[in-house]
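Those protein sequence lines, which keep their order, are chains Z and P.
Quick note: the first sequence, position 41, residue 41 per the working numbering, numbers continuous.
Quick note: the second sequence, position 52, residue 52 per the working numbering, numbers continuous.
Please note that a few of the clues may not be correct.
Capping the alpha-carbon separation at 30 Å, the derived lysine-lysine pairs in DSS-like fashion look like this [to be verified]:
1) 91/P - 123/Z
2) 91/P - 78/Z
3) 123/P - 95/Z
4) 95/P - 78/Z
5) 78/P - 49/Z
6) 139/P - 77/Z
7) 91/P - 139/P
8) 77/Z - 123/P
9) 91/Z - 123/P
10) 139/P - 123/Z
11) 49/Z - 91/P
12) 49/Z - 139/P
13) 91/Z - 91/P
14) 77/Z - 122/P
15) 123/P - 122/Z
16) 139/P - 78/P
17) 139/Z - 78/P
18) 95/Z - 139/P
19) 139/P - 95/P
20) 139/Z - 95/P
21) 49/Z - 77/P
22) 139/Z - 49/P
23) 95/P - 49/Z
24) 122/Z - 91/Z
25) 91/P - 78/P
26) 139/Z - 78/Z
27) 91/Z - 77/Z
28) 123/Z - 78/P
29) 49/P - 77/P
30) 78/P - 78/Z
31) 139/P - 139/Z
32) 122/P - 91/Z
33) 78/P - 49/P
In case anyone wonders, no lab produced these hints; they're calculated from the structure.
2 protein chains.
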Amino acid sequence: MKPALPGIFVTSALAFGAVASFCAATQPAPENASPIYGVTIPEGYRDWKFIAPAQEAPPLDELRSVLGNDIAVDAYKKGTLPFPDGSILVKLAYKRSQSTEFAPATVPGAATTVQVMVKDSKKYPDSHGWGFGRFVNGKPVDIAQHETCLSCHVSNVEDHDYVFTRYAP
Amino acid sequence: MKPALPGIFVTSALAFGAVASFCAATQPAPENASPIYGVTIPEGYRDWKFIAPAQEAPPLDELRSVLGNDIAVDAYKKGTLPFPDGSILVKLAYKRSQSTEFAPATVPGAATTVQVMVKDSKKYPDSHGWGFGRFVNGKPVDIAQHETCLSCHVSNVEDHDYVFTRYAP
Numbered sequence: 001m002k003p004a005l006p007g008i009f010v011t012s013a014l015a016f017g018a019v020a021s022f023c024a025a026t027q028p029a030p031e032n033a034s035p036i037y038g039v040t041i042p043e044g045y046r047d048w049k050f051i052a053p054a055q056e057a058p059p060l061d062e063l064r065s066v067l068g069n070d071i072a073v074d075a076y077k078k079g080t081l082p083f084p085d086g087s088i089l090v091k092l093a094y095k096r097s098q099s100t101e102f103a104p105a106t107v108p109g110a111a112t113t114v115q116v117m118v119k120d121s122k123k124y125p126d127s128h129g130w131g132f133g134r135f136v137n138g139k140p141v142d143i144a145q146h147e148t149c150l151s152c153h154v155s156n157v158e159d160h161d162y163v164f165t166r167y168a169p
Numbered sequence: 001m002k003p004a005l006p007g008i009f010v011t012s013a014l015a016f017g018a019v020a021s022f023c024a025a026t027q028p029a030p031e032n033a034s035p036i037y038g039v040t041i042p043e044g045y046r047d048w049k050f051i052a053p054a055q056e057a058p059p060l061d062e063l064r065s066v067l068g069n070d071i072a073v074d075a076y077k078k079g080t081l082p083f084p085d086g087s088i089l090v091k092l093a094y095k096r097s098q099s100t101e102f103a104p105a106t107v108p109g110a111a112t113t114v115q116v117m118v119k120d121s122k123k124y125p126d127s128h129g130w131g132f133g134r135f136v137n138g139k140p141v142d143i144a145q146h147e148t149c150l151s152c153h154v155s156n157v158e159d160h161d162y163v164f165t166r167y168a169p
């Protein structure tokens, strides 16, 4: 339809805008988004900056490292809390494996999970501004596992904006 | 001195170049450079990309992570061996410390050493192109400790261009 008058065009455009918003609110979550939060694995995360390593005891028995995007790393360096919107943290986890080349060392074995925290206070008002995603082989795990994220972070690290990892020197 | 003729300027410039080279060859190693190799802690390394974590068993009992500059990371991603000149790897080591917030986790305690490998086949022809530096509190450790680097890397990882760490997925 080609509007005959500017007034009709404006009305038409507003109507289109309303339809577009409606579609955005009801469109399905992106592919491979986490349940509850709709978090996806962020593109390019493997080249993000290093925050800190950690080890998880058996039975998981993992070596882990957390990387962050520039907004998150900048907040860590400045000691900014809460983390600003746009901060993203990604934890990479691997089975801990005996090095075959150096007896005292254990090194990454198979990759197990990639875990993501996204700060967006408008999108996640009910979880202190954080959205969570836990992925195995690039696919989000089930809703039951995602239901455990928030309560554990709230119970243990409320005073660090619900983030466990500190910046390693 | 202001040269009177272009020919004199050229001669003067060549002479200056020769003097500059002579100075470069005889000037003392930079401050806080490692013995044997003259390796220093590279500026900005803490923001370099993440290669892999590791754990070192007691008595050192450390969590470690290796970061790399873009040349090294690019070589890892492409599987380029030997690493090209200009590759730099930095290992950050921390005492392994029990998390006070999450029982199964151990996290970085005090920083212990920063260890650097620099690939420069012209500068380090006698050590397979690698220069080594081990630093505590920003200061290089003694010559005796640096004498151990090469033999351990040669004994264990000759087939990976003398580099222990593999790129974690």
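Between the alpha carbons of residue 77/Z and residue 123/P, is the straight-line distance 30 Å or under? 35 Å, violated
Quickly compare the C-alpha distance for residue 139/Z and residue 95/P to 30 Å and report which way the hint goes. Violated: residue 139/Z and residue 95/P sit about 34 Å apart, past 30 Å.
Hint check: residue 139/P vs residue 77/Z, CA-CA at most 30 Å. Holds or violated? 23 Å, holds
Does the structure keep residue 139/P and residue 123/Z at a Cα separation of 30 Å or less? 47 Å, violated
For residue 95/Z and residue 139/P, compute the direct alpha-carbon distance and say whether it is at most 30 Å. Distance of about 34 Å is beyond 30 Å: violated.
Are residue 122/P and residue 91/Z close enough, with their CA atoms no more than 30 Å apart? 39 Å, violated
Next pair to validate is residue 95/P with residue 49/Z; report whether the Cα-Cα distance is within 30 Å. 21 Å, holds
Distance restraint between residue 77/Z and residue 122/P, which requires alpha-carbon spacing of 30 Å or less: Judged against 30 Å, a Cα distance of about 37 Å means the pair is violated.
Between residue 91/Z and residue 123/P, does the CA-CA distance stay at or below 30 Å? Status violated; Cα separation ~38 Å.
Hinted pair, alpha-carbon criterion (30 Å max): residue 91/P, residue 139/P. Please report holds or violated. 15 Å, holds
Is residue 91/Z within 30 Å of residue 91/P, Cα to Cα? 19 Å, holds
Residue 139/P paired with residue 78/P [C-alpha distance capped at 30 Å]: Status violated; Cα separation ~34 Å.
In summary, the numbered hints that this structure violates are 1, 3, 8, 9, 10, 14, 15, 16, 18, 20, 26, 28, 30, 31 and 32.
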